[in-house]
Amino acid sequence: MSAKDEILGRIRSALADAPVAPEVPREYRKTSDMGEAELIELLVDRLVDYKAGVDVIDAAQIPEFVAAKLAGASSVVYPHGLDTSWLSALGESVEQRVDAPGARLGIAELDETSAVVTSSAVSVAESGTIILDGEPNQGRRAISLVPDQHVCIVPVSSIVRLLPEAMPRLTITRPQTWISGPSATSDIELERVEGVHGPRTLDVLMVRGL
Amino acid sequence: MTQVFLGMPAGGQGNLFETEPFPKAAHRELGNTQMRKNLRHATHTIRDKRLNVVGELPDWEELRDAGSAIKNLTMANLEERLEEFEKNFTARGGVVHWARDAAEANKIVTELVKATGSNEVVKVKSMATQEIGLNEHLETEGIEAFETDLAELIVQLGNDKPSHILVPAIHKNRTEVRDIFLKEMPVVDPNLTDEPAKLAEAARKHLRKKFLAAKVAISGANFALADTGTLGVVESEGNGRMCLTLPETLITVMGIEKVLPHWEDIEVFMQLLPRSSTGERMNPYTSLWTGVSEDDGPQNVHIVLLDNGRTRALADRFGRTALNCIRCSACMNVCPVYERTGGHAYGSTYPGPIGAILSPLLTGIEVEENGSLPYASSLCGACYDACPVKINIPEILVHLRGDDVDANRDKHKIPTQMDLLMKGGSWALGKGKNIGLLEKALPLGRLVSGKDKKIKKLPGIAAGWTASRDIPAPPSKSFRDWWSDEKESK
Ligand code: SF4
Numbered sequence: 001m002s003a004k005d006e007i008l009g010r011i012r013s014a015l016a017d018a019p020v021a022p023e024v025p026r027e028y029r030k031t032s033d034m035g036e037a038e039l040i041e042l043l044v045d046r047l048v049d050y051k052a053g054v055d056v057i058d059a060a061q062i063p064e065f066v067a068a069k070l071a072g073a074s075s076v077v078y079p080h081g082l083d084t085s086w087l088s089a090l091g092e093s094v095e096q097r098v099d100a101p102g103a104r105l106g107i108a109e110l111d112e113t114s115a116v117v118t119s120s121a122v123s124v125a126e127s128g129t130i131i132l133d134g135e136p137n138q139g140r141r142a143i144s145l146v147p148d149q150h151v152c153i154v155p156v157s158s159i160v161r162l163l164p165e166a167m168p169r170l171t172i173t174r175p176q177t178w179i180s181g182p183s184a185t186s187d188i189e190l191e192r193v194e195g196v197h198g199p200r201t202l203d204v205l206m207v208r209g210l
Numbered sequence: 001m002t003q004v005f006l007g008m009p010a011g012g013q014g015n016l017f018e019t020e021p022f023p024k025a026a027h028r029e030l031g032n033t034q035m036r037k038n039l040r041h042a043t044h045t046i047r048d049k050r051l052n053v054v055g056e057l058p059d060w061e062e063l064r065d066a067g068s069a070i071k072n073l074t075m076a077n078l079e080e081r082l083e084e085f086e087k088n089f090t091a092r093g094g095v096v097h098w099a100r101d102a103a104e105a106n107k108i109v110t111e112l113v114k115a116t117g118s119n120e121v122v123k124v125k126s127m128a129t130q131e132i133g134l135n136e137h138l139e140t141e142g143i144e145a146f147e148t149d150l151a152e153l154i155v156q157l158g159n160d161k162p163s164h165i166l167v168p169a170i171h172k173n174r175t176e177v178r179d180i181f182l183k184e185m186p187v188v189d190p191n192l193t194d195e196p197a198k199l200a201e202a203a204r205k206h207l208r209k210k211f212l213a214a215k216v217a218i219s220g221a222n223f224a225l226a227d228t229g230t231l232g233v234v235e236s237e238g239n240g241r242m243c244l245t246l247p248e249t250l251i252t253v254m255g256i257e258k259v260l261p262h263w264e265d266i267e268v269f270m271q272l273l274p275r276s277s278t279g280e281r282m283n284p285y286t287s288l289w290t291g292v293s294e295d296d297g298p299q300n301v302h303i304v305l306l307d308n309g310r311t312r313a314l315a316d317r318f319g320r321t322a323l324n325c326i327r328c329s330a331c332m333n334v335c336p337v338y339e340r341t342g343g344h345a346y347g348s349t350y351p352g353p354i355g356a357i358l359s360p361l362l363t364g365i366e367v368e369e370n371g372s373l374p375y376a377s378s379l380c381g382a383c384y385d386a387c388p389v390k391i392n393i394p395e396i397l398v399h400l401r402g403d404d405v406d407a408n409r410d411k412h413k414i415p416t417q418m419d420l421l422m423k424g425g426s427w428a429l430g431k432g433k434n435i436g437l438l439e440k441a442l443p444l445g446r447l448v449s450g451k452d453k454k455i456k457k458l459p460g461i462a463a464g465w466t467a468s469r470d471i472p473a474p475p476s477k478s479f480r481d482w483w484s485d486e487k488e489s490k
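First to last, the protein sequences are chains A and B. Sequential numbering from 1 applies to the first sequence in full-length UniProt numbering. Sequential numbering from 1 applies to the second sequence in full-length UniProt numbering.
Next comes chain A alone, as it looks inside the complex:
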């Protein structure tokens, strides 16, 4: 008998008493009617608490702010679907590297890249969570992982208050990364310290009118 057949057989005999499967009560909050200003305020509060850098800006200000955030970087990687006008104010000193299908950056190259700029799919204000789901303007998981600084664009129109409100906006079968602040650990005396293996700096640009 194969291991699978045997385990499934064990499950059948373990459940010989045929336990009743309960109805799942879903009385928790699934929607909210929080307005834009409050959503922004809540998400900013959560991200600041996680020690992320946060700026709330208008769409026209993106190039200027991206350039300011990358002032100390020597190189930046971006996914092929990113709106390249966002990088238009970058100085000559910042080398731009695109990660595209058929022209992928290797791990060593990514390791030598100071920063990454991506967009994002949806953000949950209540928990301060930004979700990337591999759309062409967010790219492969590796590019937002290896460089030490992540500049992440969050369109204000993509902010929801509750996690259940974010679910319909996700394509769950794409590789996803849910990000709530820069990497951190609570492993020493259960006190949170920011900055371990993932990007140690997370700069969020929340963009109105996008």
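Please note that a few of the clues may not be correct.
Unchecked claim - Computed from the model, here is a short list of chain A residues facing chain B with C-beta under 10 Å: (1) Asp-5; (2) Glu-23; (3) Asp-49; (4) Gly-53; (5) Glu-64; (6) Gly-128; (7) Gly-134; (8) Leu-145; (9) Ile-179; (10) Thr-185; (11) Leu-190; (12) Val-193.
Hints listed in this document are in silico derivations from the structure and should not be mistaken for laboratory results. Yeah, the Cβ is synthetic: ideal placement off N, Cα and C, and Gly gets one too.
With chain A fixed as given, assemble chain B with the ligand onto it according to the hints.
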């Protein structure tokens, strides 16, 4: 006859056993004052944080109700859910393996690693691989496993054992961690201070090259979504993302109870889990992957679905809800017994209140080594209140104590002191007249007490009680006698 037993649930193996009886281990661990101080500090920090973030959600109880019901529903249809998961994970390029027990799982993983030609693996913290003793097994096969979670790294470098499911090095304070790093890391700044940020930085440097060069990673999973074939890992440091993204081969080992019916169900668990475990609104990173994604992440993706006693626990109709556990560790952080004895006293990979029920349920209570675990509790109920999926741990503890007594009675045949006491108790408490008779004898107790009106040593198994405390001598008159005297004199 053997035919009949083929599909019968079997007990789990591996690191699921007490290495000595709990009272003995607890006695020794209690003598370690540094560890107790560290634990007290850490568990109290996390308790306060948890209460704050849980209190923020107006629908916390509704989330718990949903979480608990989703888990019960899953267990009731476990066979269908697993088959559905296998179908979907396979359709997207993943390979599913099934393992009856620890030995079989270790063998499967070893073969998969060997097939890649690599003799090194990086690991994301996983309870399942600890339960089956995977690292030790790989070592005997000439494969080196590198733990990448900071706490696991501290434990591995210090040649220590984990003592908590979420923060395995919770028994070490920052200075002890620094000393381990200075001693064990091949390249380390000799002026390393004990600031947690500096220690995290040292861990980053130590592991960076490993991550970037790793060909094979081994992970656990916090959940598997049946209707899409998706797996998820919840973490903080980014070591998980490194392992799940950069290597060519990814092998996940997961208990069969971790499957969830619908992908939307994570909207419940991703609210319950981080707030209950680290007391954060959300953990820094969660990764989800569904089989193989072209051009993104490992292209050779496997999962080993592990039984190792889970079906045995499932067969216990009073104990099966222990399988609903999402390993958040809230129950150990609030447990007065855990806070004082630490995780090592429980022997098994699963310490604390959940360990006290889960380990014997997985192995079988009749297994001698785990007989004392259900007694490692004062039944105060704090664990039940804290549990995000509402596992009634005290109730299961009492049920298992009953099973333990039954198992022992069958073993001994002749009645034990405990049996006689219980018989006596039921006679005494059965009728008011009987207890009245007994109480008449109470003043006799004053004869065995010393001058300080304390009884210092009781005979037989009751000696265990007086080993650590004195009993005041009984009063000269019982309450019943006093009451009837009072009434008469009115
Ligand atoms: S039993 Fe409940 S509280 Fe304890 S670890 Fe499991 S889910 Fe968390």
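Here is what the structure says about each hint:
Hint status for Asp-5(A): holds, given a least beta-carbon distance of 8 Å to chain B, under 10 Å. The restraint placing Glu-23(A) at the interface with chain B holds, with a minimum CB-CB distance near 7 Å, inside the 10 Å limit. Restraint check, Asp-49(A) versus chain B: the minimum CB separation of about 8 Å is within 10 Å; hint holds. For the restraint placing Gly-53(A) at the interface with chain B, the shortest Cβ-Cβ distance is roughly 15 Å, beyond the 10 Å limit, so the hint is violated.
A least Cβ separation of about 28 Å between Glu-64(A) and chain B goes past the 10 Å threshold, and the interface hint is therefore violated. Interface hint at Gly-128(A): satisfied, since its Cβ lies 6 Å from the closest Cβ of chain B, which is below the 10 Å cut-off. With a cut of 10 Å, the hint placing Gly-134(A) at the interface with chain B holds, because the nearest CB-to-CB distance is about 6 Å. With a least beta-carbon distance of about 5 Å to chain B, the hint placing Leu-145(A) at the interface is held under the 10 Å criterion.
Of the supplied interface hints, the one on Ile-179(A) holds, with its beta-carbon coming within about 6 Å of a beta-carbon of chain B, less than 10 Å. For Thr-185(A), the shortest C-beta to C-beta distance to chain B is roughly 5 Å, which falls under 10 Å, so the interface hint holds. The criterion of a C-beta within 10 Å of any C-beta in chain B is met by Leu-190(A), whose closest approach is roughly 4 Å, and the hint holds. For Val-193(A), the suggested interface contact is upheld, since its CB lies about 4 Å from the closest CB of chain B, less than 10 Å.
The structure fails to meet hints 4, 5 from the earlier list, while all remaining hints are met.
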